[in-house]
Every structure is written in C-alpha cells, then in structure tokens.
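Listed in order, the protein sequences are those of chains A and B. The letter at position 12 of the first sequence is residue 12 when you use our numbering, and the numbering goes up by one with no holes. Every position in the second sequence, counted from 1, becomes a number in our numbering once 1000 is added.
Hints were generated in silico from the structure; no laboratory data involved. Since this is a predicted model, take the numbers as computed values, not measurements. Beta carbons: idealized from backbone N, C-alpha and C, even for Gly. Check the hints yourself; a few may be wrong.
Below are the DSBU-like pairs computed for lysine-lysine, each with C-alpha atoms no more than 35 Å apart in a straight line [said to hold, decoys possible]:
no., chain 1, residue 1, chain 2, residue 2
1, B, Lys1102, B, Lys1010
2, B, Lys1102, A, Lys10
3, B, Lys1010, A, Lys102
4, B, Lys1010, A, Lys10
5, A, Lys10, A, Lys102
6, B, Lys1102, A, Lys102
Using C-beta positions, here's what the derived DEER-type ranges look like [as the list claims (entries may be wrong)]:
no., chain 1, residue 1, chain 2, residue 2, range
7, B, Arg1089, A, Ser90, 38 to 48 Å
8, A, Arg105, B, Arg1105, 36 to 46 Å
9, A, Leu40, B, Glu1028, 14 to 24 Å
10, B, Asp1026, A, Asp57, 14 to 24 Å
11, A, Asn23, B, Ala1056, 11 to 21 Å
12, B, Glu1028, A, Ser68, 42 to 52 Å
Read off the chains here:
There are 2 protein chains.
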Amino acid sequence: MNDGFATLPKPPYYAVIFSSRRNSQDEEGYGATAERMIELVQRQSGFLGAESTRGADGFGITVACFDSEASILAWRQNAEHTAARERGRSDWYDHFELRIAKIERAYGWDREGRAKRSEE
Amino acid sequence: MNDGFATLPKPPYYAVIFSSRRNSQDEEGYGATAERMIELVQRQSGFLGAESTRGADGFGITVACFDSEASILAWRQNAEHTAARERGRSDWYDHFELRIAKIERAYGWDREGRAKRSEE
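Please build the complete structure, drawing on both the sequences and the hints.
The structure is reproduced here in structure tokens:
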C-alpha cells in the first residue's frame, strides 16, 4: 500500500469488499492476525493489492483485489486464512458483509499529479 | 444505514468504490457537504444504499450501491454532486481513487443472527 492506496492494474479485475464491525474483544490477537493476513495474502498468487480502513466506531471496510475469481477462491481455501476467519466469527466481529465484485472501470486523481488516470 | 451496514438487495447490482485521503482543510465545510450528499443520493433513482468509514489517518473508503450503471451516471450528472466533486479536488482531498464494480455475490454474518444470508 502507498499512503493507503493500492497500486492496481487497469481493470477488469476482481475485488472482495469486506465490511465489518469489530467488537472490543482481543485487540492484540486481532491486530496480530490482521498483520499476518496482509503478509500472507501478498504471497497469494493473483493478489493485486488491498485498501483498508476502520473508524473509531469499529466499522471498517477492506477492499482486496485479485486477478480472477479463481485466485479469490484459492485465498479463501488457504488454511491459515480459514482459521483466521473462524476466529473472526468466534471472537472479533459482531457483524460482517462480504461482497465479490468485478471492477470494471477505475479513475484516480492526486493533488500532486502522481497517479492521474483517465476513466476509459 | 444500519449500524454502518447498508441493507442491500440480492446481487447483482453496481457499486462505486471511492477511496480517498482527506487533507486537514475545512472540516466544517467538508462535513456539511458529506451530509448533504448522503441526503441527496438517497433521492437518486436507483440508489440502493452505502457504507462508509474513515480512519484517524484521513484515509477513507465509501461503497455506494446502485441498481444499474445508468443510475451511477445519473448521480454523477447531478449538478449539486458535480459541484461537490469540484470542491473535493480544489479543497478537501489529497488523493482519491474511484472504481466502478459489478457486485456479483454477497454473504453476510451477524453474531445475533439478524442478517445471516448464504452466498448465492
């Protein structure tokens, strides 16, 4: 990530949009696992980049991008990731919504002109 | 929004994923316009719901969902929204990335079983 922004190829590509509400449990274990998942997904074939943020109220959104639905499925089947998701349900989240999307177009703007791109 | 989560129909539908980094300028004007845009988009034909969060570092993600690309285009052409986007570039954001996506599948989980749905 670059200042929060992922450097992504030109669309089309796929994204997992993960919205979640954290409870106040186990901040340390959650943080360690979140860091580990970032490390792990970067080794996942077809992973393109991710952006993530969470407000002070515990509501967060992560957008993780992949080259194909097959890569998303492979990441889902990763054993350590599967165990982390189980911890998410047992311990860390009160609610989450996961959406699988095909990114069709993209447009970026940067005050300093570093990343300007046109929409198709 | 319900505790941060949008109540959305079954996919497919379309989403605008807006990642942005706020600078520290004009918190008051930005906040008022952000509230006004939420009010306005809810009157936009085809708008389905939105989720939004921003971390303490100023990096935020908003996912706004619509029934079609035509509705996204109509919202983009809304005059007040167009003026707000211009203020975003002149005053409020240091960088943003906008991605147009087709949401193909969705899965939700809630600790209290309020919103559980199966994937596909």
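So, going through the hints one by one against the coordinates:
no.	hint	in the structure
1	B:Lys1102 - B:Lys1010	holds, 12 Å
2	B:Lys1102 - A:Lys10	holds, 16 Å
3	B:Lys1010 - A:Lys102	holds, 16 Å
4	B:Lys1010 - A:Lys10	holds, 28 Å
5	A:Lys10 - A:Lys102	holds, 12 Å
6	B:Lys1102 - A:Lys102	holds, 5 Å
7	B:Arg1089 - A:Ser90: 38 to 48 Å	holds, 44 Å
8	A:Arg105 - B:Arg1105: 36 to 46 Å	violated, 20 Å
9	A:Leu40 - B:Glu1028: 14 to 24 Å	violated, 42 Å
10	B:Asp1026 - A:Asp57: 14 to 24 Å	holds, 23 Å
11	A:Asn23 - B:Ala1056: 11 to 21 Å	holds, 19 Å
12	B:Glu1028 - A:Ser68: 42 to 52 Å	holds, 44 Å
The structure fails hints 8, 9 (numbered hints given earlier, in ascending order).
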